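I would like the entire structure built from these sequences, with the hints used as guidance.
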Amino acid sequence: MPIDQVLKETEEKMAKSEAAMMHEFEGIRTGKANPALVESLMVDAYGSSMRMRDMAGITAPETRMILIQPWDASTVEAIAKAIQSANLGLNPAIDGKVIRIALPELSQERREELVKVARKVTEDGRVAVRHVRRDAKEGLKKSAKEAGVSEDEIKGAEKQVQKLTDDCVKTLESHLANKEKEILTV
55 MPIDQVLKET
65 EEKMAKSEAA
75 MMHEFEGIRT
85 GKANPALVES
95 LMVDAYGSSM
105 RMRDMAGITA
115 PETRMILIQP
125 WDASTVEAIA
135 KAIQSANLGL
145 NPAIDGKVIR
155 IALPELSQER
165 REELVKVARK
175 VTEDGRVAVR
185 HVRRDAKEGL
195 KKSAKEAGVS
205 EDEIKGAEKQ
215 VQKLTDDCVK
225 TLESHLANKE
235 KEILTV
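All the letters of the sequence shown, read from the start, carry residue numbers 55 to 240 under my numbering.
Hints may be right or wrong, so weigh each one.
BS3-like mimics (lysine-lysine), calculated; alpha carbons at most 27 Å apart, straight line [stated by the list, open to error]:
1) K199 to K213
2) K170 to K151
3) K86 to K235
4) K62 to K195
5) K67 to K191
6) K209 to K174
7) K199 to K135
8) K70 to K224
9) K67 to K151
10) K196 to K174
11) K62 to K196
12) K217 to K174
13) K199 to K174
Across the chosen pairs, the derived CB separations fall in these ranges [what the hints assert, rightly or not]:
14) E234 to A140: 43 to 51 Å
15) N232 to P89: 30 to 38 Å
16) E234 to A74: 17 to 25 Å
I should point out that these hints are in silico values taken from the structure, not numbers from a laboratory.
Note that the coordinates shown come from a computational prediction; the quantities given were computed from them, not determined experimentally.
All residues carry an ideal CB built from backbone N, CA and C; glycine is no exception.
What follows is the structure in structure tokens.
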């Protein structure tokens with residue numbers, strides 16, 4: 055595999071790792087309502103498990119309220135049960151054919167716990183980026199053997215991979231700083 059292709063794949067994989075981390079961040083609760091808190095929950099309905107976003111419209115009409123409108127009114131109870139069993143500290147209130155979730159104010163202790171969760175997600179992101187770096191270096195060594203690429207070209211490519219890694223980790227850190235600020239803002 056040519057060096058430029060290895061570098062391109064490395065960049066794409068690191069971007070995917072960053073996107074995965076950002077998606078995880080959406081599920082971490084801050085003081086504001088966010089549909090991402092519940093949209094990935096699995097609901098037992100129709101004899102199987104389905105994602106909530108595939109069963110209902112999920113909106114945040116107010117800063118501290120999530121509104122869930124199931125496509126099928128018969129699934130209201132199953133959706134409410136899934137939210138309660140998800141252990142998110144949310145209490146769904148069934149209001150006819152819709153479910154309302156009022157988000158309680160976060161205590162300082164809970165905010166600090168959420169910051170720890172965000173740091174763990176970021177560390178998982180860093181680990182994923184390092185795995186991509188390792189795979190890229192192995193790919194470069196293989197291309198050196200197969201294509202007879204010079205050692206200088208491989209060393210230059212490894213420096214590029216390290217620069218991509220450093221840049222990606224710096225971006226992850228800035229996302230973490232923003233998330234921490236968002237969580238700790240009262």
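Structure versus earlier hints - violations, ascending order:
Result: hints 2, 6, 7, 9, 10, 13, 14, 15 break, sorted rising.
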